[in-house]
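Asker: Okay, here's what each chain looks like letter by letter:
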Amino acid sequence: MDERFGFDRRVTLPGDFPLAGGGVLPELTIAYETYGKLNANATNAILVCHALTGDQYLASAHPVTGKAGWWTRLVGPGKPVDPEHWFVICANVLGGCMGSTGPSSIDPRSGQPFAMNFPVITIADMVEAQARLLDHLGVGTLAAVIGGSMGGMQALTWAVNHPARVKKVVAIATAARHSAQNIAFHEVGRQAIMADPMWAGGAYAADKPPAAGLAVARMAAHITYLSEEGLTEKFGRRLQDRDAVSFGFDADFQVESYLRHQGLSFVERFDANSYLYITRAMDYFDLAQPHDGNLARAFAGVQSRFCLVSFTSDWLYPTTESRRIVRALNAAGAPVSFVELESPFGHDAFLLDAPEMNRVVNGFLTA
Amino acid sequence: MTPVPLRPDLAAVAAAVPEGARVLDIGCGDGQLLAWLRDTKGVEGRGIELDASDVAAAVGRGLAVVQGDADTDLADYPDAAFDVVILSNTLQAMQRPADVLAQLVRIGRSAIVSFPNFGHWRVRLGLALSGRMPVTRSLPVSWHETPNIHFCTIADFEALAVEMGLTVERRAGLHSGRQVAAWPNLLADTGVFVLRR
Chain Z
1 MDERFGFDRR VTLPGDFPLA GGGVLPELTI AYETYGKLNA NATNAILVCH
51 ALTGDQYLAS AHPVTGKAGW WTRLVGPGKP VDPEHWFVIC ANVLGGCMGS
101 TGPSSIDPRS GQPFAMNFPV ITIADMVEAQ ARLLDHLGVG TLAAVIGGSM
151 GGMQALTWAV NHPARVKKVV AIATAARHSA QNIAFHEVGR QAIMADPMWA
201 GGAYAADKPP AAGLAVARMA AHITYLSEEG LTEKFGRRLQ DRDAVSFGFD
251 ADFQVESYLR HQGLSFVERF DANSYLYITR AMDYFDLAQP HDGNLARAFA
301 GVQSRFCLVS FTSDWLYPTT ESRRIVRALN AAGAPVSFVE LESPFGHDAF
351 LLDAPEMNRV VNGFLTA
Chain U
1 MTPVPLRPDL AAVAAAVPEG ARVLDIGCGD GQLLAWLRDT KGVEGRGIEL
51 DASDVAAAVG RGLAVVQGDA DTDLADYPDA AFDVVILSNT LQAMQRPADV
101 LAQLVRIGRS AIVSFPNFGH WRVRLGLALS GRMPVTRSLP VSWHETPNIH
151 FCTIADFEAL AVEMGLTVER RAGLHSGRQV AAWPNLLADT GVFVLRR
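Quick note, the sequences are listed as chains Z and U, same order.
With the numbering used here applied, the first sequence covers 1 to 367.
With the numbering used here applied, the second sequence covers 1 to 197.
One should not assume that every hint holds.
Heads up, incomplete: computed chain U residues facing chain Z, CB under 10 Å, no partners named [said to hold, decoys possible]:
1. PRO18
2. GLY42
3. ARG46
4. ALA57
5. VAL65
6. GLN67
Derived from the structure by calculation, the hints contain no laboratory data.
Glycine included, each C-beta is placed from N, C-alpha and C at the ideal position.
Hey, can you work out the whole structure from these sequences and the hints?
Answerer: In structure tokens, the structure reads:
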């Protein structure tokens, strides 16, 4: 295997891939990155799961934006997840748009992109796709699975659906279910995409995407990743390159300009249909649902140790959601650590400099 | 690796923990006691701690510690989930000490409770002579800054245990970490009780 740092890898696993919703994919392609080296007994593998708009470029430069990996603060030389010790795997999720099978992939049965013929997927389907990748890589048991936000949902699902394959779970800024508010914000994003005439029922050409709709979806979502305190501190009511308001609908305020920029740069790297499918998977996520809403029973068979982290100003997946998970794990008798860390940066705090988070994750992985 | 020696009051608590027990330490701080119990007695330990940086330190020691508040979070634990539940030097900071005690003996087959003894002669003498709230070695913070809001004496604690119908398995009065031979309510700066329902 090529061991260059973060060499862009891709594998197509032939054969049917059945989905939780009843659909079947005729084959499964997974794009992934690995860092470090799997040891002889295959005991040092760590799977890192990305969030909604993340990708496999965990700790290597993004091929479209050229930006550094999205979690270089946690993963890399001298960091808690150091490729010197760990074989680190990060795969683009099922339904994604960075190389793994998703709505923009070609359906081998028709020779056309799946578009809206792509079956609706779940977080559990994403985990099954990762499990297939681990089989392919020769990784039986994971030393740890780590994820924030939607990645945390995958990490928790790993422990529930594959209890014998996961030694440790790190779930950061996440929840065991999507709340009404979470679903509501996602619905705003999806409707923005679908209201864009360029969306064309999902059958848009790759070079003519529903950019306006996707940008609005991103703008709305981006607000949920920040906090009022953080926005006030960063922008306040400050004006953008002007001394007075224009009495028009230009981006007078810095915060407007910032959001527009976030929206526009997002469409450069993300597919609108993928956004629909992945947000849907998150909305359907509820670990307790098969157990009549009893989360402790969902965790009844887990064999992993758990570490949960939340942030004070995160209102997207607030501390109450992490505490609900902690309570259920305690009731199930699973070893769990939990800490709520101070941060003014909202949900995005987990991707920013968080020395306490690194200390906790490092201690948890080392012990 | 030789474990770091324990604080004297913790050593008295640790001595009451059986080998290999399942232990919950409430108000575990940075996990000193739990780590010691794990390394020397093969205990399977869990902790609850209010302070985030103490939790981070304890997790850094490889302990399973949850940030939480004993006043509110103990209700989440199932009955008899632990062999031993420890509340060391924390009872006096609880909003509802009696409720917490009831939770301890529900969650644990036995509970070990240690607390500063407000009946110690220095406390009594200080209050009698100066007319001011005492500041002593075991109670070093003045009244308006202390997190300790529910002081009691060894005799008070004993009376509460009786009132709650709890069985006192063992009791000890410590002074500077050593067990006092007589008149613990007068001579001990710390009380240590082993209780069960």
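Asker: Each hint should be assessed against the structure and marked as holding or not.
Answerer: Evaluated hints:
no. : hint  : result
1   : PRO18 : violated (19 Å)
2   : GLY42 : violated (15 Å)
3   : ARG46 : holds (7 Å)
4   : ALA57 : holds (8 Å)
5   : VAL65 : holds (5 Å)
6   : GLN67 : holds (5 Å)
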